[in-house]
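**Student:** Below, each chain spelled out in residue letters.
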Amino acid sequence: MAGTIAPDRILHEMADLWVTLGKEGEGEAGVLRACTMTLVVAAEESDDPQGIGETLAALMPVHPSRAIVIRFRAADQRALAARVFAQCWMPFGQRQQICCEQIEITASDASLADLAAVLLPLKVPDLPVFLWCRSPRVFQLQAFPQLAAMAQKVVVDSDTFPDPSAAVRQLKQLVVGGGALADLAWTRLTRWRELIAQIFENRVHLCDLPQVSDISISYRSPVAPASALYLAAWLREGLTRIGAHARVHFGSDSGEPAGRLSLVELRRAGSQEPVARITLAEGPAAEVRSGGLTNTALLPALNDCALMREELSIPGRDAAFESALAGAAGLEVS
Amino acid sequence: MPLENPFQDPLRFQRRVPECALVIFGANGDLTKRKLLPALYRLAYERRLHAGCAVLGISRTPLSDDQFRDKMHSAVKQFLEDSPFDLDVWNAFAQGIFYMAGNFDDAAMYPALDARLKEIEAARHTGGNVLFYLSAQPSQYIPIGQGLAAANVGKRDNGWRRIVVEKPFGHNLESAQELSDELHGAFRESEVYRIDHYLGKETVQNILAFRFGNGIFEPLWNRRYVNHVQITAAESIGVEGRGSYYQEAGALRDMIQNHLSQVMATIAMEPSATFRPNSVRDERSKLLRSIRVMKPDEVLQNTVSGQYGPARIGGEDVPGFRQEPGVEPGAQTDTYAAVTFFVDNWRWAGVPFYLRSGKRLPKRVTEIAIQFNAAPLAIFDGDGTASAPNLLILRIQPEEGISLKFLSKRPGTGMTLRGVSMDFNYGSSFGERSPSAYETLLLDAIIGDATLYTRQDMVEASWKVVDAIQNVWQNTKFDFPNYAAGSWGPKAADDMLARRGHVWRQP
Chain H
1 MAGTIAPDRI
11 LHEMADLWVT
21 LGKEGEGEAG
31 VLRACTMTLV
41 VAAEESDDPQ
51 GIGETLAALM
61 PVHPSRAIVI
71 RFRAADQRAL
81 AARVFAQCWM
91 PFGQRQQICC
101 EQIEITASDA
111 SLADLAAVLL
121 PLKVPDLPVF
131 LWCRSPRVFQ
141 LQAFPQLAAM
151 AQKVVVDSDT
161 FPDPSAAVRQ
171 LKQLVVGGGA
181 LADLAWTRLT
191 RWRELIAQIF
201 ENRVHLCDLP
211 QVSDISISYR
221 SPVAPASALY
231 LAAWLREGLT
241 RIGAHARVHF
251 GSDSGEPAGR
261 LSLVELRRAG
271 SQEPVARITL
281 AEGPAAEVRS
291 GGLTNTALLP
301 ALNDCALMRE
311 ELSIPGRDAA
321 FESALAGAAG
331 LEVS
Chain R
1 MPLENPFQDP
11 LRFQRRVPEC
21 ALVIFGANGD
31 LTKRKLLPAL
41 YRLAYERRLH
51 AGCAVLGISR
61 TPLSDDQFRD
71 KMHSAVKQFL
81 EDSPFDLDVW
91 NAFAQGIFYM
101 AGNFDDAAMY
111 PALDARLKEI
121 EAARHTGGNV
131 LFYLSAQPSQ
141 YIPIGQGLAA
151 ANVGKRDNGW
161 RRIVVEKPFG
171 HNLESAQELS
181 DELHGAFRES
191 EVYRIDHYLG
201 KETVQNILAF
211 RFGNGIFEPL
221 WNRRYVNHVQ
231 ITAAESIGVE
241 GRGSYYQEAG
251 ALRDMIQNHL
261 SQVMATIAME
271 PSATFRPNSV
281 RDERSKLLRS
291 IRVMKPDEVL
301 QNTVSGQYGP
311 ARIGGEDVPG
321 FRQEPGVEPG
331 AQTDTYAAVT
341 FFVDNWRWAG
351 VPFYLRSGKR
361 LPKRVTEIAI
371 QFNAAPLAIF
381 DGDGTASAPN
391 LLILRIQPEE
401 GISLKFLSKR
411 PGTGMTLRGV
421 SMDFNYGSSF
431 GERSPSAYET
441 LLLDAIIGDA
451 TLYTRQDMVE
461 ASWKVVDAIQ
471 NVWQNTKFDF
481 PNYAAGSWGP
491 KAADDMLARR
501 GHVWRQP
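Those protein sequence lines, which keep their order, are chains H and R.
Residue 132 in the numbering used here sits at position 132 of the first sequence; the count goes up by one each step and never skips.
Residue 164 in the numbering used here sits at position 164 of the second sequence; the count goes up by one each step and never skips.
Calculated from the structure, these hints are not laboratory results.
Remember, predicted model here, so these are calculated numbers, not experimental data.
Take the hints with a grain of salt, since some may be wrong.
Keeping only pairs whose Cα atoms sit at most 27 Å apart, straight-line, the calculated DSSO-like set for lysine-lysine is [to be verified]:
1. R/Lys491 to R/Lys295
2. R/Lys167 to R/Lys286
3. R/Lys477 to R/Lys295
4. H/Lys23 to R/Lys409
5. R/Lys405 to H/Lys23
6. R/Lys167 to R/Lys409
In isolation and in its complexed conformation, chain H is listed as follows:
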């Protein structure tokens, strides 16, 4: 691995790349360059390169970006290397390829502090910078805040952290630091939360809400994932806002796929019929019960691409998440 990389050389290589792509497309409709942001991906060197590549390729048509993938290796020696290539796709039924740039940088942990100076000239002017940190280890590195400071938004996935409760507390500190933060563990909840919110759009069901005394949340893992903590905090906060104070009960079950939420239920004291209940059934289907009516909705497990699609659509801060994060950090899980 070379010791340093020159941003100017990378920019020059990118300019050459576009000339080459343009020549390849000559006589046809040419290529179309698209870019709406700079997406920096911080990953372990051992992180599945093909998986990251496929995720970025799938993200590009929705969020065309200059992607900068930094692959970290645990090493004390300062070392950096880079290469440049393009991600192109041909939209269905059309004649013109659309291309985005991708830069891949390999770096040792020790060179993390040098990276901000490399990335600064590489980010696309006037467009937002997102930093997606896929590695809990890199997130813990001392120099990580320097990298995070150049992004408008940092995205992590606390469900991949060894101790979700500790991760949530640590994330809360990062929010206190001031940057926009997203957690894919929260993003996984959007469809669950939306279903719950939809139930209470009905005035009849909304009337039942102040009587809710108990919240039950089950998950398919031995310890409560961060998603379960966020959901509990979000529900409790919503209920508090209308004057209801509910106890939270967490439960673990052994179903598949592992790690997912399997049930959320709102119940009032002394009643057999839940005010609202969503139970994950087989496959992606979930049973939604409220006011004696049962419905089916699809809650498929979302991959990184689907989760990132949603997060990249929100460049600013997410007040609901920050509030749930604060609540989750204070939750006691017995």
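We have chain H already, so just place chain R on it with the hints.
**Tutor:** Leaving out everything else, chain R in the frame of chain H:
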């Protein structure tokens, strides 16, 4: 009781949809099968509909609830475009589908409908909200309106009542007013949603975003910079078995009076002060009322009526309109209509708006082309391409997007100019499935957002303009057919533009 749902998250959740029952008059018809039920299913699949949402189909044919569900099951599977079908979601959705047989002319049907709605409300918790949808024959709109009014089904103390009306909104100004008066017997104007599915298309909505979300175009959007505007809605197919219906309608009434007038209004309207439904519709309405109504002696100079004749396309014999089933051999129906409109306001005075629509044209395309004035002085020598005007193309279908054509220096030592295109493609830039127009518009009606629906004053304004043309055409014997299937329409349409030094774009 809490006043607000504490779980709403507008940053991430789609729009809030209230519970309701949707009553479809003409539930056995093509529109229900091809568009409405697939759109409703798709909304259910996307978790956009409330769990208690109910659909009550009404038609003459006696069917049980289960028989109707089976029919709709097949229809949804057949007509669900670019979407997966999930049996579990369908089964849950189908629990809320009901049917009642009834004759729309029969006054006794409406109290029975009211009773059925009360049952559904109790079982599905629809909160008394009802959206009526007129998907029946246009001749039955008035009896339905009268029936709903007589039985007082359109007005209730709890919940809201709205009615969606499919075009045609009358066949002239007088009949449009009559229809409106009858509907107002049961519904206030704010409860009447006249649907124009063109306005539900993402790209038509994007015109508003493009014009009023960006600062750079608005200064150019006026008579000083715009030379003329062309709005084209071309279909490559013929009347496809709807000859007898189309014979009575024609391109002018079927397309220009509603869809293209609305698109023109969206292109040319003044910015609205807010994005509230009535604010946007007020501006659209003002624009439509500003279209100059032609005097009888101006009509034939500024309009062209056409009808396709037989041709051979791609090795296949294609019949002319008069050879289509159900069409009279001497029919004077316009399968092609082109008009030149002028807008009498300060922004657009003197700028021609050319609108054309036709069947059996070379390709299916809908687009708006805004041609800007050429540079005031041609300083570059060349073959004439150096003075090509700038064009802004808004493509509505297919390949939805926006292109800006401008001149650029051709690489080399000389100063030669070449036209180039800067393209924004809706599909490739956002890469997401756009909801169908019916999904958008049905959801809007359930939510109570009438921005994309047509108001009666808009209908009347466009009928005034079209009636003036129609009155002359009805008294003119056209020498039809005057264009071959597969061509871009009659030569007279080219002549109409040539008189002002313009040429139709060939999309």
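**Student:** For every hint, state whether the structure bears it out.
**Tutor:** Structure-based check of each hint:
1. R/Lys491 to R/Lys295: The given pair, whose Cα atoms are some 23 Å apart, holds under the 27 Å limit.
2. R/Lys167 to R/Lys286: Answer holds: R/Lys167 to R/Lys286 is near 21 Å, not above 27 Å.
3. R/Lys477 to R/Lys295: 19 Å, holds
4. H/Lys23 to R/Lys409: 17 Å, holds
5. R/Lys405 to H/Lys23: 21 Å, holds
6. R/Lys167 to R/Lys409: Judged against 27 Å, a Cα distance of about 49 Å means the pair is violated.
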